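Colleague: Residue numbers (our numbering), protein chains in the order written: chain A, 1 to 333; chain B, 334 to 918; chain C, 919 to 1474; chain D, 1475 to 1760.
It is possible that part of the hints are untrue.
What the hints assert, rightly or not - Below, computed lysine-lysine pairings styled on DSSO-like, alpha-carbon distance capped at 27 Å: (1) C/1323 - C/1335; (2) C/1374 - A/213; (3) C/1113 - A/116; (4) A/227 - C/1353; (5) C/1034 - A/224; (6) C/1374 - A/210; (7) A/224 - C/1362; (8) A/210 - A/238; (9) D/1491 - D/1526; (10) B/505 - B/395; (11) A/283 - C/1248; (12) D/1752 - B/582; (13) C/1034 - C/1113; (14) A/224 - C/1188; (15) C/1335 - D/1707; (16) A/309 - A/20; (17) D/1713 - D/1752; (18) C/1248 - A/309; (19) A/116 - C/1374; (20) A/252 - C/1246; (21) B/696 - B/731; (22) A/252 - C/1238; (23) B/799 - B/681; (24) B/738 - D/1549; (25) A/211 - C/1353; (26) A/33 - A/79; (27) C/1364 - A/205.
The hints are simulated quantities; they were obtained by calculation from the structure and are not laboratory data.
Nothing here was measured: the structure is a model prediction, and the numbers come from that model.
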Amino acid sequence: MKCVIIGAGIAGVTAAETIKKINQDIDVVLIGKEQYLPYNRYRLTDYLCNVIDDTQLYFTSFDFFKKNNIKYRNGEYIKSINPAEKTIKYYHNEVMGYDKLLIATGGSQHLGPILKPFSQYIQSYYTLQDILLLKKFLPDIKHCVVYGENLSNLDLLAGLCNLDKKITYIIKGEKARFPLLKEEFEQDVHYFLKNKGIQCITNDKLVNIKKEKKKFTVETLNQKIIKTDIVFAWDDSKPNISLLEGTAIHKKTGILVNQYMETSEQDIFAAGDCAEIYHPILKNYWINFGWPNAREQGEIAGKNIAGEKALYQIHETLTFHLEGKPIKARWWE
Amino acid sequence: MNYKELTVRFCGIAGDGIVSSSRIISGACADAGLHVMVNDIYSAEIRGLGKSTSTIRFSGSKVYSMGDGINALVGLAQQESIDEIEDIREGGSVIYDSSSPADIPETESLASHIPPEVNGYGIPLKTLANQASGSNRGRNIVSMGALCHLYGLPKTIFINQIEKIFKRKGDKVVESNLTAFELGYEYCQNQYPLNNLFVMDKKAKPLQIISGNEAVAHGAMDCGLKFFAGYPITPATKIMEITAKELPKLNGWTIQVEDEIAAIGAVLGASFTGTRAMTATAGPGLSLMSELINLSVMAEISAVIVNVQRGGPATGLPTKVEQGDLNISLYGGAGDSPRVVMAPTCSKDCYTSIQAAFDLAEKYQTPVIFLSDLFLGQRLETDDIKRNINYKKSTRIKPTRQQLKNYQRYALTEDGVSPLIVPGEDGAFYSITGLAHNTAGNPNFESEVHLTMTQKRFRKFKSMVKDLPPVEIIGDADADIGIACWGSTYGAIFEGMQIARHNGVKTKMIKSIMIYPQDEESFKTFFASCKKIIVFEMNFQGQYAALLKSTYNIKPVEVHIPSVDPVSPAKIAAKIMEVNHELTQ
Amino acid sequence: MNNQTPGVKIEKSTDILDRKWIDINIPCRAACPIMTDVPGYIKAISEGDYETAYMINRQDNVLPSILGRICSRPCEAACRHGWDGLGDPLAICFLKRSAADFGLREFAPVIKPNHKKVCIIGAGPAGLTSANDLALKGYDVTILEQFEEAGGMLRFGIPRFRLPRDIVENDIKSILDLGVKIKTNTRIESAAFIKELQKQNDAVILAGGCMLPKKLDIPGLDSKGVTWGLDFMMDANRDRLLSPMQKVVVVGGGFTSVDCTRMAHRLGAKDITLTFLFTRDDMTVGEHELDDMEAEGIEFVFLVSPAGIESENGRVTGVKFVRNFIQKDKSIKTIPGSEFVIEADTVVFAIGQEEEKFLPGEKLTAKDNFFITGDFRTGASTVIQAAADGRKIARQVHQKLSNIKEYQDVITITPVKETGRVRDYDFIPLQPMDKIPLTERSQKEKEVDTGFPREKSVSEAKRCYLCHFNFQIDIDRCIYCLACIDVMPVDCIKMAKDIHITDDGNMYPVPAENWEQVQAIVIDNNKCIRCGNCVRACPVDCISISQYTLDIIEKI
Amino acid sequence: MNSLNKRAVLEGLERAKIKNKSKWRDILPTWCPGCGHFTALNGLYEAALDLKIPEKNFVVVSGIGCSGRFPFFIKGFGFHALHGRALPIATGIKIANPELTVIVVGGDGDGVGIGGGHFPHAVRNNLDITYILLDNSIYGLTKGQVSPTSPVGMISGTTPYGNIARPINPTTLALAYGATFVARVFSRERQDVSDLIKQALQHKGFSLIHDLSPCVEFNRLITYKSWNQVVGKFPEDYKADNRTLALQYAESKEPVYLGLFLKENIPTFNDHVKQIFKKIDSTEKS
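Full structure from sequences and hints, please.
Modeller: Take a look at the structure:
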């Protein structure tokens, strides 16, 4: 049996490991879009601030793949899926067959209709590639504009503060609405932002960016004009599911899965930040963002693929480290 | 004095009828059952001052070479003949024209140069010739009549021969020549006593007389030659002249093309269609051909190229002999281009080995260079050649039905020979090329393919060994001195060995028609059994010796004879004695 | 075309293969219900010739300025530029608007009256199109309109910020200028009235549209603050006073629901939520409108069904929803126990419209010279579909009244030398439409899209693959030299062992596996980018470019 | 320029399928895309298929140069020989087996340059072979040097100051040598090329097809365009039976005439050979 895993994040790698643990005879192909070995995305800021070195960044090694006999294809990505023929198509048009397919493509930063036209001026902050680039030119940067409410944004703000950058933070509402548990947000985050001297612009939106030489001019809805060296901005995080186009796999924001991590198509599974699941407590569909969730979903999916029935029980797991303090995410309030 | 063997030389300038005289004498002798060898040496010019000689050696027993010295010189041209006097043996004779010359200084007159130990016979050749035919031509016939009387040769064989040769020119010519002969005979009869007598066996059966070139031409035609292309060149032209006449009778064709390049081109073309084809040339022609011989190696097309060697380099000595083309035959090509090189030693060899050459060429799809030489090609020789019509020992290997399915022109086989079909045959088609190619024949420049294909081409030369004409060991098996030689020098060396043996020195010789590839085992055994090895050849470089040295790791005594005349057996014997002396010291 | 060589042979073909070629190779045109010559006018725009572009549009779809704004754009969905790996589809609709913006001119063809009278009931897109087509044929056309002004849904259904009223006026005027008479405030009330109309006219066309909202049955619909999508829009568009609103919930995933949310935004609502039974992918609305909604801060809730209205004192306070689960067959099932409530002071149900059931008496048919067209016939659809249906019925009327035997599709094949397109055009990105800033989006009248400026429209037009140019290799002249394959910009020319014809008439080369099999060198028009490299490279001039245009002629 | 509708394409394909049935060997020609040699390859094939020459009797001999690769692309026997040596080889082939249809393909350098000495003799012998001389006026395979047919003044790698030598006109040469079938074609016109090659194959005796076959890579002076501007057709009453007139037309530079210049019927080499065989047979019998 051949199992193909699209996405070499924590969900994908965990699934691969789980499958191999259960049944060595299953051929596992792991396809990663990035050039690097799978790494800890949530530690990228630490890496940017030189808290850790690159060896601590990776959570796998080539030996790991060798030992487990997992075929790792990095730097390649999938263009489309054909569930009828049980094949996937690479961007370079290679067609590969599968018996079971796990989609663990994760999510990535997404720009809304307003920001989309300015994407070339916006510094993305998501992949190791971004960090490596940033590491190069960050020393020359004095002033940063950050826009968007997201946990990794908070992470970025912390990192930038540690590097002594001047920061202007544009917030849509009256207060920054990080998806954290309320009380901790009140106590720690707000306190944190204030103490670090971050200039917060509330009740406003980023609507225009212009580039003049090396500087950027940022315009807000309330016609505030800020000059800056770099702009970090995004509206939200969205699952990477463009490869599903043309298939009948049910999706909402993410790929709809049941508690076995099965999608609406036979033999296709999804796990991690790209999977959306109905949560009876929430009475809603929910994308269970976050590292530990992804790991758990990857494991469940791996078990199901390898033939062991395992049910995914949603529970609150994500904690987030800010200045060494664990903060709980506001997933299930 | 009685003779069992005679050597007569006619010397004159071109147009004096030297060649026809020698043909009459040799023909007459052969008809009388004598063994004859004739060697013509003539200048490149057609007429005018060019000197030409024809030497006829005849004997009751087999002759292998022209021997040493002459018994009689017929000086049809005064001045030119002077140089030949030194070849005359003691007690020999000179026949010269005693008709009143115009104004001829003493230094230019033949009679004045005749030494005391040689008999001079003055005969008014011109006068008698005029008497017989009304012109100066016919002096040769007059002198022949004189010769006939002087050595007591039977008159009838000459008369028969004159009638035979001049028959096609008409009765008048026959008559005037017969008259000239009679006049010469009578004049001598009246003038000189009968001092010498040639003793001969009257019961001997008539012998066949043939030149090397004729043997080559007939040998080739007898083994299926159907196409000949050539360009006239001395001394190979004769071959083309014969095939031009004879091939159409065999439904074949001879075409004279614009140059030697075209000649070998046409031969390759014809051979491509499965026809046995040949060309003949001399050194300069071979130089021109070398490019297309390369192609025939690369494309594996059978071809037989006869090279009748003459003196070189460049235009060199068009009418003189030399064994100088061995290197170009062996190595004259770009890249690693192996080809078969053969060298016959006598007319009989020419006949049989040209057939062997075709067999090798056809079976192994390779060019064969057949190294005759001017001496061998032109000399007339009596030999008992058994005619071998339609002698086709081997042909090209046809593919099996299985092989035809996915036909590969250059399929790799154990012996390196790929099964072959030719245009006009059903089953498959292919292209051949001089480019490096793969087994299908399509151009391919990968180093691995090139190596494989080169190995394949060389492999043929290994598998060929079993089909080669065998090596002969001649002489005393227990001799310490071993001799190697090639080509036409064989006869003189053989006679030299006999002289040496006569003087108490035993020798043995390895005779191989094959120059490349050779039956290396036989050679190795032979050389191992010799204490001293002598390699004789007629070139300055020692080309054959070089080949032997590099192949068998031997250190022979090399005897290079860059002479333009036939090799002297006496000198060979002297060399053998010298070596023997060194050996016994 | 101006690059056409004088004296070239223009071929008229009625060959079904050529007809199918158009359907398959000009996907935009084939997708357009009214078969607009899309590449034709885009080519004109790329050359800066807006007037030609406008005229092509005016002839094909009658309402160019209107459709240039609010068309549902089936063409863009079909556009070859949007196919796998080729980037974004062309902004065809906006280009149509550019043609009207810059190329508007009087449309005054010579009309020969035929003294036959036709009455059309309803001045919506279908009715107007029918009127236009019949007027051009010389009919004396009168339109009866129930409201005070002509336009139907165009005027009352679509908000002004999407379609300014002067644009509507202009396009309608252009039709009325052909001699079409209009009687407003005239409503069909009785069968007798229709009988009367039939007497006075040679034919009557009913283009009544779908002006009644579809209703559903859940408790609490009678609460104050609950309204229907079309009513909401009609009221807003006719400037009738609406009660102030803060929290608006719109139920439905069609055009009207989107318009309602955006209108609510302009009416001052703060929290606007659009709810839909299915997912975002299943919405009929174009992606650009969803983007606009997102930009205006409207939230989406998918996979929910309304289950009831929560009200207090007869006034709505919220809507109770239940979450849906998509089954394998794509149908939905509610998830028991997943009920939740969204707070609202205004609830708009925009779940579709239907035609008014007011036709009395016996059923009238074409036999009685009575025709029905537009949404009234087909059910609620889009403007372009209604217009297409209007045209279809106009043809039927004309056929009947003027004894036309049949209509025949004629393909004009015009040889051209150059297409004017180059490979570089493939790298022009999609030109984004400029929009007014968010701060100005509270104004009801202000059009959001500001239109392409000239240079932008030319750039955008250049992107078009100009699918109406047919590149073909004359196999009889081809020397198989592969020069064209050498210069091809994409994998568009194939060494073919055969040409395969599918059931729908599409021809595509079957690639030869090796040189031995090659029978022909064939251009795959599906991949051709019309750059003309091959034509220039061909040493023996065996590649022809011909422009395919479609005309429909009447056979008497 | 004609437009092509779909049906025309399909019909063309049908024709091509009939014509091209087993068209060529599975080796993609190595020529530069656009090379005029493709036309000759096609023309030769169409002619051979029209005349139903069996593959086993079809022999193409070529020399070196771009034209030299010809034999690898056809279904038949091929002999890729050495530079300039195709004609002598063809001579050998045709004499040895008169049943074969022998076609020689060579370039201008091959035919009137290095192999120029063989050309008159091939003509002289009047063997029944067809010689397709692909004239691109450049040495293409060695990447652009002047050839014997290059115009005066042409700048090339080996003539950086311009070509001094005057060009040879192969058509004139063949006429002067006494060829019995001389035609000039232009690679742009596939139909004409195949027609004339067909006629040449049918002709008994030496036939020359002088193909103006532009080099698209190295020759910037002589191109499809430049030829297209000067080529012209014979007057309608031109009868290809007068050598003197043919020579006049062949020499014409403006226009450069295309078509059949001369066709004469005299016994071929093989006819003569046959007669000689007959004669010998009868004398031997008597």
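Colleague: Take the hints in turn and mark each one as holding or not.
Modeller: We went through each hint and held it up to the structure:
| no. | hint | verdict |
| --- | --- | --- |
| 1 | C/1323 - C/1335 | violated, 37 Å |
| 2 | C/1374 - A/213 | holds, 24 Å |
| 3 | C/1113 - A/116 | violated, 58 Å |
| 4 | A/227 - C/1353 | holds, 24 Å |
| 5 | C/1034 - A/224 | violated, 65 Å |
| 6 | C/1374 - A/210 | holds, 19 Å |
| 7 | A/224 - C/1362 | holds, 25 Å |
| 8 | A/210 - A/238 | holds, 26 Å |
| 9 | D/1491 - D/1526 | holds, 16 Å |
| 10 | B/505 - B/395 | violated, 37 Å |
| 11 | A/283 - C/1248 | holds, 21 Å |
| 12 | D/1752 - B/582 | holds, 10 Å |
| 13 | C/1034 - C/1113 | holds, 17 Å |
| 14 | A/224 - C/1188 | holds, 22 Å |
| 15 | C/1335 - D/1707 | holds, 25 Å |
| 16 | A/309 - A/20 | holds, 16 Å |
| 17 | D/1713 - D/1752 | violated, 35 Å |
| 18 | C/1248 - A/309 | holds, 26 Å |
| 19 | A/116 - C/1374 | holds, 18 Å |
| 20 | A/252 - C/1246 | holds, 14 Å |
| 21 | B/696 - B/731 | holds, 10 Å |
| 22 | A/252 - C/1238 | holds, 21 Å |
| 23 | B/799 - B/681 | holds, 22 Å |
| 24 | B/738 - D/1549 | holds, 15 Å |
| 25 | A/211 - C/1353 | holds, 20 Å |
| 26 | A/33 - A/79 | holds, 11 Å |
| 27 | C/1364 - A/205 | holds, 21 Å |
Against the hints set out earlier in the document, violations occur for numbers 1, 3, 5, 10, 17.
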